[in-house]
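**Q** Here is how the chains run, residue by residue.
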Amino acid sequence: MGSPRDDLKALPTRFRGHLLADIVVALDALGLPSSPKPQPVASTEGFLVVAKREIVPNFHLLELEVPQVARFAKAGQFVIVMPKATSERTPYTLGDWNAEKGTITIVVEEVGRSSRELALLRAGDRVAHVTGPLGSAYPIPTGTTVALGGGCYGVAAIHPIARALKQAGNRVIGVIEGCSDFSIYFEKELEAVCDEVRYVTKDGSRGMKGGVGEVFVDLVSSGVKVDRFVAIGCTFMMMLTSEATRTLNIRTDVALNPIMVDGTGMCGACRLSIDGETKFACVDGPIFDGHKVDWQELSYRRGAYALDEIDALPQGARAAVAHPLHLEHGAAHACASGVGCGTDG
Amino acid sequence: METKPIPKKKLPRQKMPVQSAERRRHNFEEVALGYPDEAAIAEASRCLFCKVPHCVEGCPVNIDIPGFVKFVLEGKFAEAAARLKEQTALPAVCGRVCPQETQCEARCALGIKGESVAIGRLERFAADYARDHGAELPPEIAPNTGKKVAVIGCGPAGITVAGDMRRWGHEVTIFEALHLPGGVLMYGIPEFRLPKEFVEHEVRSLLDMGVTLKLDYVIGMSETIDQLLEKFDSVFIGTGAGLPQFLGIPGENAVGVFSANEFLTRFTLMKAYDFPNHATVPIRARRIITVGGGNVAMDSARVALRIGAESVIVYRRSRAEMPARAEEIHHAEEEGVAMNLLTAPVRIVTDEANRVTGMECLKMELGEPDASGRRRPVPLKGSEFLIPADAVVVSIGNSPNPLVSRTSPDLKTTKWGTLVADEATMATSKRRVYAGGDIVSGAATVISAMGQAKKAALAMHRDLMGVDPPGWVAPPVAKPKPTPKG
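Line by line, the protein sequences are chains A and B.
Numbering-wise, the first sequence is residues 3 to 347 according to our numbering.
Numbering-wise, the second sequence is residues 95 to 580 according to our numbering.
In case anyone wonders, no lab produced these hints; they're calculated from the structure.
Each hint should be verified, as a subset may be incorrect.
[Stated by the list, open to error] Distance condition first, Cα-Cα at most 16 Å in a straight line; then the derived EDC-like pairs of lysine to aspartate or glutamate:
| id | chain 1 | residue 1 | chain 2 | residue 2 |
| --- | --- | --- | --- | --- |
| 1 | B | K365 | B | D562 |
| 2 | A | K281 | B | D222 |
| 3 | B | K308 | A | E47 |
| 4 | B | K170 | B | E123 |
| 5 | B | K290 | B | D226 |
| 6 | A | K76 | A | D98 |
Just so you know, these numbers come straight off a predicted model, no measurement behind them.
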């Protein structure tokens with residue numbers, strides 16, 4: 003027999019009456035018995051993943067079949083997604099939808115457990131729950147010039163707003179921000195709905211060097227008359243952009259991404275201070291005037307679970323190792339926050 | 095089962111077996127364990143079977159109480175459960191969470207001189223028996239009427255309307271915004287007070303009756319009421335509670351301040367206590383202050399204990415004014431929740447990272463009665479003191495859910511955002527649209543929502559068919575029912 007190391011079956015499975023694999027979760031990958039995992043009531047069969055691809059490193063585009071969202075979605079709204087019945091309810095901004103096909107598109111940045119659960123899906127898999135559309139639609143002006151800037155997942159998020167603005171007869175300038183040339187995506191989609199698309203990268207490898215805020219300032223100083231800015235990205239980027247446009251005295255709308263729990267106007271987790279007044283991002287927002295946001299408070303609230311996010315991450319990794327093809331459990335990011343971006347500030 | 099004649103006067107109210115406080119404060123398992131058969135029969139034998147059963151009048155859904163108690167006494171537990179099901183879709187739930195002491199049991203004749211019959215415990219017993227023994231009789235369903243009914247919200251009100259309307263032969267579809275059915279039963283009331291398997295079981299039996307349930311479907315954000323009315327003959331709105339109210343004191347948006355809704359949703363709907371199997375992150379705090387004195391505050395404070403924190407309640411009036419059930423307050427104290435009564439929060443103290451480190455409070459004394467008839471608390475000058483804590487749960491109520499009324503401007507609302515509905519029929523200002531539960535009454539109990547839902551279902555049926563529902567008997571409030579023959 004020799005050392006128990008050579009024979010997994012000889013390993014003890016229980017300690018003080020508890021199954022070891024329940025305590026050290028990695029052990030059930032070795033085949034040690036664990037107690038049955040909770041079997042939640044599955045009243046729906048879930049929603050089909052029509053397409054899934056990693057569009058640029060770490061950014062995943064998912065096309066999901068959710069007809070009730072696709073039929074009623076408006077620009078600026080979001081959905082709550084639970085990849086499995088045991089996942090968190092995590093909000094993702096709608097990047098696109100097709101009412102006829104009944105599909106919606108979201109772009110997910112893989113940062114933690116929940117977003118990893120989504121990133122590990124494949125076309126043909128099913129997502130347990132998708133709820134929406136949620137949040138207020140963005141009020142579309144007419145006859146104005148609007149510059150929209152998107153970074154990270156926000157590039158997809160500005161797409162429907164740009165399209166709605168264009169359809170309403172506005173002049174639309176799109177700005178895509180990336181850390182480098184390779185991280186720019188959605189160019190074709192945005193070029194189709196914008197009068198002009200500009201690029202900006204943190205390293206200057208494509209377009210201007212800097213961020214969306216710099217492009218906005220540059221636009222105005224080069225003589226383009228802009229009536230309104232829209233910036234969507236991580237909290238830090240939206241804060242920088244709002245600060246950059248504050249002196250220009252041009253309204254800057256941002257889509258905020260506080261932590262949400264239910265997302266339907268019940269729990270109050272997503273509260274923010276807008277001009278000193280408490281607002282709820284899930285029903286009053288998610289789009290607010292960036293010059294009135296208490297950014298400091300938002301970034302503290304978003305960071306509330308930073309340590310738990312680190313705790314939670316190996317759970318996602320474990321799921322990936324234990325069930326490379328069939329993800330049964332584990333994985334979901336602890337940044338129940340906004341739209342899959344935890345890289346801010 | 096045979097019953098021996100037991101001298102009625104001598105028999106005390108049967109005690110409910112419970113998990114010991116020491117044990118239960120460390121687990122999420124149910125606190126009250128339920129009567130064994132003998133105790134249930136003994137308790138049922140205490141009932142006087144009054145000619146005019148006032149208990150039935152005290153029940154918002156007019157359960158035939160002497161009728162089902164008689165069955166329990168005779169050992170016919172399944173029949174008792176069937177009798178309950180005639181009036182309530184959720185006996186296992188009502189038996190656990192109803193405030194019986196102010197409703198049926200308050201009207202009990204035995205209660206005048208001594209202790210009333212434990213009606214709630216018997217209700218729970220009968221419902222559990224039927225469930226555990228698979229002895230539930232499927233309800234009779236009237237022939238299809240061809241009418242379609244939409245129910246928005248699968249909480250206590252929605253389940254009640256759906257059950258009644260389906261029994262009366264209508265085609266019912268329930269729309270639920272969350273990912274699990276049950277509403278507050280699922281997201282609000284914690285596992286240790288109402289195990290979720292009972293809610294799931296009740297919903298499943300509703301589905302077995304042929305009700306369609308659409309989860310993840312947010313009416314108001316997807317279809318509006320008007321669009322629903324094109325496809326359905328009648329619509330019931332039971333969307334329940336919405337955004338939580340906060341105290342309006344400094345520091346309330348700090349990290350570590352939760353609404354009771356969020357706190358309970360994390361641990362009840364999302365099962366954060368089972369992290370990491372369930373992905374929602376639990377709250378890790380050493381001391382949690384709960385602000386408020388209602389049932390929800392008690393639930394939050396008791397959840398706080400169970401996640402390993404010290405639990406402190408801060409309430410600005412005295413114990414007598416607490417709106418929570420006496421039993422809940424008693425259980426909370428037994429488990430070790432510390433009560434700071436006559437204490438009002440002034441501000442939440444935070445550290446440099448905007449995390450909660452404590453709450454500054456003010457001592458109060460009771461003054462003259464206010465509009466609610468309760469004595470108004472008056473602050474004592476200079477009595478400020480600090481309670482150190484790393485989380486604060488605010489449990490002072492909700493506003494109604496805004497999603498439906500926001501997209502249906504022709505639905506009349508009050509200044510609090512609740513829907514205006516006729517008291518007798520629960521009809522809203524919009525034709526063919528009815529409402530009930532917290533969306534109408536603000537914040538109330540499960541059973542009052544069910545009572546309103548029953549009224550609404552009746553009015554909806556009459557409106558659709560022009561006649562009373564099959565087998566319907568007028569509730570005994572106006573005309574007392576004679577004692578049933580068992």
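**Q** For every hint, state whether the structure bears it out.
**A** Checked hints:
A threshold of 16 Å between alpha carbons decides the hint, and for B:K365 with B:D562 the separation of about 43 Å lies outside it, so the pair is violated. A distance of roughly 43 Å separates the Cα atoms of A:K281 and B:D222; the hinted pair therefore is violated under the 16 Å criterion. With a CA separation close to 11 Å, the supplied pair B:K308 and A:E47 stays within the 16 Å bound. With a C-alpha separation of about 28 Å, the suggested pairing of B:K170 with B:E123 is violated against the 16 Å cut-off.
Only pairs whose Cα atoms come within 16 Å are accepted, and B:K290 paired with B:D226 is accepted, the gap being roughly 15 Å. For the hint linking A:K76 to A:D98, the alpha-carbon distance of about 10 Å falls within 16 Å, and the restraint holds.
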